[in-house]
Amino acid sequence: MNKKDNQRSRLTRMLLKQSYMHLMSEKPTGKITVKEICEKAEVNRSTFYLYCQEPNNLLMELEDECIGVMTESLTNIGALVDDEINAKDLLLNFLRAVRRNDELLYALLVKNSDPHFRRKFMAVALELIERLFNLKTREEYKAMSELFIVSGSVEILTKWIESRYEISEHSMCDMLYLFCEGLLGNIVNR
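Per the working numbering, numbering through the sequence shown is continuous, rising by one, with the last residue being 190.
Read the hints as simulated data drawn from the structure, not as lab findings.
Source: prediction; values computed, not measured.
Misleading hints may appear alongside valid ones.
Only pairs whose alpha carbons sit at most 27 Å apart, straight line, appear in this in silico BS3-like list of lysine-lysine [unchecked claim]:
1. K40 / K27
2. K159 / K142
3. K88 / K120
4. K111 / K35
Label-pair restraints from in silico Cβ distances [unchecked claim]:
5. R100 / D174: 14 to 24 Å
6. L50 / T71: 24 to 34 Å
7. E139 / V34: 49 to 59 Å
8. E26 / E155: 17 to 27 Å
9. E162 / N57: 22 to 32 Å
10. D174 / V34: 38 to 48 Å
11. R45 / K88: 47 to 57 Å
12. E181 / E140: 12 to 22 Å
Where a beta carbon is used, it is the ideal one built from N, C-alpha and C, also for glycine.
Work the whole structure out from these sequences, hints included.
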């Protein structure tokens, strides 16, 4: 395949995913049709089927892309730990990554909230929580406290995205940090 075909393929795939993502903001994923995706992307059905077997393939790609972006963000943040950056700075960088990927996260977490995707997203968030707070809770509390922190944090992030970032990144960072620190402080000290 020559370079021009490769670029055309990437562009077509990107158009299909963007079209699907826009449609996700308008209706449930189960109601999105191939015809609607093709009309929005301005491609014909045969082009769609050249790249996808069904619309859910696009959903899975978008979910994987989102998880990849957030994981990459965590990896980049983790590299900063060597520079003695503090936990609040790490959390703030994570929140900035959320905002940079607003359209995708809005479609996946707010408009079409899928429990399977939320679990995957929560696993990424858990990695951040563990890195930020270096959890040293009593072993019998560890799993439940992590789950509680991550579930609550993902719900707060979802509400923040849904509000279209009514609260500033810094205020959101302070709030999440206080909630997590307060909970952990109470568990560690018992």
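To see whether the hints hold, each was checked on the structure:
1. K40 / K27: holds, 14 Å
2. K159 / K142: holds, 26 Å
3. K88 / K120: Within the cut-off at roughly 23 Å; holds.
4. K111 / K35: holds, 21 Å
5. R100 / D174: 14 to 24 Å: holds, 20 Å
6. L50 / T71: 24 to 34 Å: holds, 29 Å
7. E139 / V34: 49 to 59 Å: Holds: the Cβ-Cβ distance is about 51 Å, inside 49 to 59 Å.
8. E26 / E155: 17 to 27 Å: This hint holds: roughly 23 Å between Cβ atoms.
9. E162 / N57: 22 to 32 Å: holds, 27 Å
10. D174 / V34: 38 to 48 Å: holds, 45 Å
11. R45 / K88: 47 to 57 Å: holds, 50 Å
12. E181 / E140: 12 to 22 Å: holds, 21 Å
Violated hints: none; the structure is consistent with every hint.
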